[in-house]
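Here the protein sequences line up with chains A and B, keeping their order. The first sequence runs contiguously to residue 250 in my numbering. The second sequence runs contiguously to residue 240 in my numbering.
For the record, the hints were derived by calculation from the structure and aren't laboratory data. Wrong hints could be hidden among the right ones.
Taking lysine-lysine and the DSS-like style, the derived pairs with C-alpha atoms no more than 25 Å apart in a straight line are [stated by the list, open to error]:
#, chain 1, residue 1, chain 2, residue 2
1, B, K207, A, K132
2, B, K211, A, K248
3, A, K203, A, K54
4, A, K54, B, K211
5, B, K84, B, K211
6, B, K207, A, K48
7, B, K84, B, K207
8, B, K84, B, K221
9, B, K207, B, K221
Chain residues, written in single-letter form:
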Amino acid sequence: MKRIDCFKVMAELAGDALVVTGAGANTVEWYACRPGDGNFRVRTMGLVSSIALGMALGLPHRQVIAIDGDGSLLMNLCSLPTIARKNPPNLVHVLVDNEVYEASGEIDTATGAGTDLVAVARGAGIRRASWVNSPDEMRTVFSEALEARDATFIGLKVERARSEVPPYPMDEVENKYRFIRHVEQTEGLSILSAHMPASFLKDS
Amino acid sequence: MAESSGPALIVEGLKEAGVDLVATLPDINLHAVLERVAADPDLVHVPLCREEEGIGICTGGYLVGRKCAMIMQNGGLFNSVNGIVSTLLQYNLPLLLLVYYAGDVGDRSFATNGAMTQPVLSALGVQHFILRDPNEAKALIKRTLVLTQDYKRPVAVLLTKDVLGRRSPGE
Ligand SMILES: [Mg+2]
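One chain only, chain A, in its complex shape (with noise of 0.2 Å):
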């Protein structure tokens, strides 16, 4: 299994939803399927799905989606149970687990060793965790977990492949700004604001 097919699945049924990515191939596939503001590039190996997690619990009724690496995730599995404990509805984990440190040089994880990463979810203590073996079962668990009343973790068993797409188009700072912008855009927020001289400000 490619992970752009099932990318292309997820881009179809995740309307408006925020979407966290980590590791390099993750990124740019899922940015070249559903292009937009809406999405946040880690730079922390790891702390894919603890960021998400804390979007989800900042803003319940938006849907939040945690695209992590295999890689990524063996180095914060404690972000399991701190999901579990939270289980915010609005949070779909999805591992992209191609049992490789894929960006640092195709190295092996502990997943091809016999590491599962479901069963770990699950006896973290996500009752909502399942392997997904082709994009057509994707179809159904995803659109199931966009759905669902708890906390969902999603694993599927991709090839050592990347495919053919741009470059990410900007640096950390310009994604960070511009992530903000559409949060405030699409839910009326006001985020950011700048600091002004005192003859501005109104008695304090």
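Using the hints, position chain B with the ligand against chain A.
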């Protein structure tokens, strides 16, 4: 415990600053603070398993409009360093860090942690302010939240035993 205690003032300061999402990991000296955070219906409380995930959770909260804080021991600060560098500093993100200053002078727990706390914060370029007087807790926390937002970097308040209301044996 009287309502004017350090732990009560710390949580009141957070709320008056507008903080509404708090990620925490226990230390016995933070017990009275964390009990108040957990019991407060106005705060989204996220109990952590390891502190670096809290850097991510607070980042996600900030990106969707929450005002976030983390409460942890200084050992947890050390656990969080990669998240602080490659998320908070790399993206210019604010975060209020309330760090129990274990091993501070007069505090007989984790002397090595105490010795390394300010050097590590300084090396990271993370400004920090030491809270020794409970009566200064609310003002310092409120001002530090404004500072971290203006500076767009994390800023730390170091919580000492004098403020948290516990004494080391033999003191
Ligand atoms: Mg991988």
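Enumerate the violated hints, using their earlier numbering and listing them in ascending order. 1, 4 and 6
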